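Participant: Listed below, chain by chain, are the residues.
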Amino acid sequence: MNPQLTADGRLRHLLTLDGLPRAILTQILDTAESFMDVGEREVKKVPLLRGKSIFNLFFEPSTRTRTTFEIAAKRLSADVVNLNIATSSQTKGEAILDTVDNLAAMHADMFIVRHSQSGAAHFIARNVAPHISVVNAGDGRHAHPTQGLLDMFTIRRYKGAFHNLTVAVVGDVLHSRVARSQIHALTTLGVPEVRVIGPKTLLPAGVEQMGVKVFHNMEQGLAGCDVVIMLRLQNERMRGALLPSAQEYFKFFGLTPEKLALAKPDAIVMHPGPMNRGVEIDSEVADGPQSVILPQVTYGIAVRMAVMAMLAGGNS
Amino acid sequence: MTASLPDAATLIDALAAAIAPGFDPDTRIVGIHTGGVWVAERLHALLRSPHPIGQLDISFYRDDFSRIGLHPQVKPSNLPYDLENRTLMLVDDVLHTGRTIRAAMNELFDYGRPASIKLAVLVDRGGRELPIRPDFAGLVLDVPAHQNINLSRLDDGHLSLSIA
Amino acid sequence: MKIHIRNGRVVDPLNQHDGIADIYVAAGKIVAMGTAPADFHANRVIDASGLVVCPGLVDLSVRLREPGFEYRATLESEMLAAAAGGVTSLACPPDTDPPLDEPGLVEMLKFRAKNLPGPRVYPLGALTQKLEGKLLTEMAELTEAGCRAFTQADAPLTDTQVLLRAMEYAATFDFSLWLRPQDVSLARGGIAHDGAIASRLGLPGIPALAETVALATILQLARATGARVHLSRLSTRDGIAMVRAAKAQGLAVTCDVATSHVHLCENDLVGFDAHLHLTPPLRALRDRDAIREALRDGSIDALCSDHTPVDEDEKQVPFGESSPGASGVELLLPLTLKWARDMGVPLIQAIDLVSWKPAQILGVPGGHLSVGSYADICVFDETAEWQVSARALMSQGKNTPFLDQPMQGRVRYTIIDGHLDFEAP
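Protein sequence lines correspond, in order, to chains A, B and C. The numbering used here numbers the first residue of the first sequence as 15 and each following residue consecutively. The numbering used here numbers the first residue of the second sequence as 278 and each following residue consecutively. The numbering used here numbers the first residue of the third sequence as 2 and each following residue consecutively.
Hints are computed from structural coordinates only; laboratory data are not their basis. Hints should not be assumed to be uniformly reliable.
Some residues of chain C that are not near chain A, with every Cβ distance over 12 Å (derived) [as the list claims (entries may be wrong)]:
hint: 1; residue: Asn44
hint: 2; residue: Val46
hint: 3; residue: Pro68
The calculated BS3-like cross-link candidates involving lysine-lysine, where the alpha carbons are at most 27 Å apart (straight line), are [what the hints assert, rightly or not]:
hint: 4; chain 1: A; residue 1: Lys265; chain 2: A; residue 2: Lys278
hint: 5; chain 1: C; residue 1: Lys115; chain 2: C; residue 2: Lys399
hint: 6; chain 1: A; residue 1: Lys59; chain 2: B; residue 2: Lys352
hint: 7; chain 1: B; residue 1: Lys352; chain 2: A; residue 2: Lys58
hint: 8; chain 1: C; residue 1: Lys115; chain 2: C; residue 2: Lys3
hint: 9; chain 1: C; residue 1: Lys111; chain 2: C; residue 2: Lys131
hint: 10; chain 1: B; residue 1: Lys395; chain 2: A; residue 2: Lys58
hint: 11; chain 1: B; residue 1: Lys352; chain 2: A; residue 2: Lys173
hint: 12; chain 1: A; residue 1: Lys214; chain 2: A; residue 2: Lys278
hint: 13; chain 1: B; residue 1: Lys395; chain 2: A; residue 2: Lys173
hint: 14; chain 1: A; residue 1: Lys273; chain 2: A; residue 2: Lys227
hint: 15; chain 1: B; residue 1: Lys395; chain 2: B; residue 2: Lys352
hint: 16; chain 1: A; residue 1: Lys214; chain 2: A; residue 2: Lys173
hint: 17; chain 1: A; residue 1: Lys227; chain 2: A; residue 2: Lys214
hint: 18; chain 1: A; residue 1: Lys58; chain 2: A; residue 2: Lys88
hint: 19; chain 1: C; residue 1: Lys131; chain 2: C; residue 2: Lys115
hint: 20; chain 1: C; residue 1: Lys111; chain 2: C; residue 2: Lys30
hint: 21; chain 1: A; residue 1: Lys88; chain 2: B; residue 2: Lys352
The structure presented is a predicted model; accordingly, all values stated were derived computationally and were not measured. Glycine is no exception: its CB is placed at the ideal position from the N, C-alpha and C atoms.
Please model the entire structure based on the sequences and the hints provided.
Facilitator: What follows is the structure, encoded as structure tokens:
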């Protein structure tokens, strides 16, 4: 039933962390651990995906995410083709499936897909040839599984385990695919208390059914946390019917040293980037000793290598 | 069906004895996961090497990756020194087709350019598919292609060879 | 053409008839039931042994896609599909291109339909010009041209003052208004029910409040103006409760639901199948269960297919980019029967929801098997099992969430105006 797994339970596509078994998540993290030193060696690549073609299909532009996938693919010795479809064929009215079929005809082995619509990666995965794997690099508000995984990797590196943690996800959960992937991963990996903190306008309906505790107040929500994950607030949402202003948001939900002091003394602070300093996070915190925001970026490459390596093998 | 084989510890002792005469203390010992690391650990002790051993997981260099995929438990490779111009003693448990050794050498070169590599194996079972031969072998044995030789580690830390 | 339908189980809700009987049809009318009239010589004898003979179905929402959307479906294909679904009368919403807001367009559609085999087509007139929600259409002229009621279909009506005026005007002439309650602002940007599943899938939500807030407005205006209002496509438990309460207070409103909403809910959206992108959205399980119960207790007056054929390309895109709607006129009967089986409801009560009751709402003849009435008859096999597939559907729209699913109950013959317009191969 799960379109992400093969009949024998191996990873076929990576579309969402929702419903993936804990064993698979752990295997990805473990595999990523082995890729960690590749970037520090004399030759910064392994020959695993030599001869494989990986297409970055970005229907929504994102230099940052695309670059990390590109580096990861190149460290695996794959050939990478970047397609910024937002500015090419889509504007000419070419249907997604035509684009996908065309690339498949060029012997693609893997598609890395980013799209503004929730479910777009599922849609493409449903329509590709059996030898092609699809990695969701962010679809609408739905999922960003590799970001969720790299966040888990970061937490495991700093905290060692998941079973004794309290983790807070703070901010615009409503529009955040990152938050959804984090929440699924955290609950699957056995974090006993996952909290979301934000104003009611930025929390989705029935979010507690995803297994989280809801807080509307930073002081209460951060108390006793081991991990604080801040979410990005998009510019267009800083003023309007969801929020009156960025200033007022920062006052109540921005992470300052004072608010962070309510979490455990050894709590780590994470952010998927890019940050809005002074909106969701104070610079003093972002650059402070508890911040692991830069390591997150480094780990992102190893995690994406692990995902691609697990997807690409064993199907030819 | 498991036939009896010589005791692994005895073989390792013999292997160490064969290596010892020309062993340069500056040589770095590198074991291949998983059995090769066990053998390397013993050799390391017996040869009184002053340097930590290296560990190599060749999963990322296997030539059958496309066919069988990634091993579910990849261990990180760990080479706690610069390889440039070093003499290496590569250690594995069983030498068969030679493909593992090829992968291991490819991986080593991605860490740097060693001055030389020697190969020590616990058992050379024959059946080579590549032009690779060991410099030291604890036991040379002709094993039919359908049989497997396995090195396992018991709960008490003892190594045991079996054939199936 | 004289037809003798022999030995079928005649189920006629209006006359509370459920038993084996022969029916005799001549000159477009049912001329006798039970024994043949003197000198009756049938041109065609239909052996209905083991089959159910019921009034032809009356479907309150079938999009025929003409004029303007012929790439999605044509009058020919959809009327044939409707006949294959046992439908003998249908109401077609005005959301064509151009919309049915002028008598000429309505007359043209009626004329085209009349010359094709298939059900009686009753156009619904646009409530406002171009369905823009601003200026009223010439409702009296449109009524003369054949419109049975006025509606915005799924087009928004943001201006409550326009709605009030429309009701006052319609009440003046006793025209019927069909309104789908959905507050435009609350539904803005949404594509799925605002609940746990949409939150999990990251699909922008349409809250249940969008329905109840709009309903509150409509019910208040209906009370104040005395307009005849029919509420289309209810989808929420709370909305149904409001209508039930309004009816109990004596307000003369009626309402319908679509068959998809009787069987599906938000949980089915996992997997992002665009065929489940419907208007209104599939709601929570509790809403679906409330619909099933309200159909049983009579709070909901009719079931319709809300037949919306779209081009395959319009569903071969991510969920949020797909055109909403499902092809359904051929599934109206089996899905109604499935509900009745699931709920343990007698067949005669189920048939009532798709024949006599909708005929009353639409204000047209048909929907019953009285001697002397129009010979609009459906003969079906209650136990026949089949599988929904693109090939099994006659509609040009193959877009159904029930694709590949097994159905029980299949139409064998459809007689419209005394003609055998459909006969299963």
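Participant: Hint by hint, note whether the structure agrees.
Facilitator: Going down the list of hints, with the structure as the test:
1. Asn44: Since the minimum Cβ distance to chain A is about 51 Å, asparagine 44 of chain C lies beyond 12 Å and the statement holds.
2. Val46: Non-interface label on valine 46 of chain C holds, nearest chain A Cβ at 49 Å vs cutoff 12 Å.
3. Pro68: 24 Å, holds
4. A:Lys265 x A:Lys278: Distance ~21 Å between lysine 265 of chain A and lysine 278 of chain A Cα, so the pair holds.
5. C:Lys115 x C:Lys399: Between lysine 115 of chain C and lysine 399 of chain C the Cα gap is close to 25 Å, so the pair holds against 27 Å.
6. A:Lys59 x B:Lys352: 17 Å, holds
7. B:Lys352 x A:Lys58: 18 Å, holds
8. C:Lys115 x C:Lys3: Status holds; Cα separation ~21 Å.
9. C:Lys111 x C:Lys131: 19 Å, holds
10. B:Lys395 x A:Lys58: Holds, because 25 Å separates the two Cα atoms, which is no more than 27 Å.
11. B:Lys352 x A:Lys173: 20 Å, holds
12. A:Lys214 x A:Lys278: Holds: lysine 214 of chain A and lysine 278 of chain A sit about 25 Å apart, inside 27 Å.
13. B:Lys395 x A:Lys173: 41 Å, violated
14. A:Lys273 x A:Lys227: 19 Å, holds
15. B:Lys395 x B:Lys352: 23 Å, holds
16. A:Lys214 x A:Lys173: Not OK: lysine 214 of chain A and lysine 173 of chain A at ~30 Å, beyond 27 Å, violated.
17. A:Lys227 x A:Lys214: 13 Å, holds
18. A:Lys58 x A:Lys88: Status holds; Cα separation ~9 Å.
19. C:Lys131 x C:Lys115: At roughly 25 Å apart (the allowed maximum being 27 Å), lysine 115 of chain C and lysine 131 of chain C satisfy the hint.
20. C:Lys111 x C:Lys30: It holds: about 22 Å lies between the C-alpha atoms, which stays within 27 Å.
21. A:Lys88 x B:Lys352: 21 Å, holds
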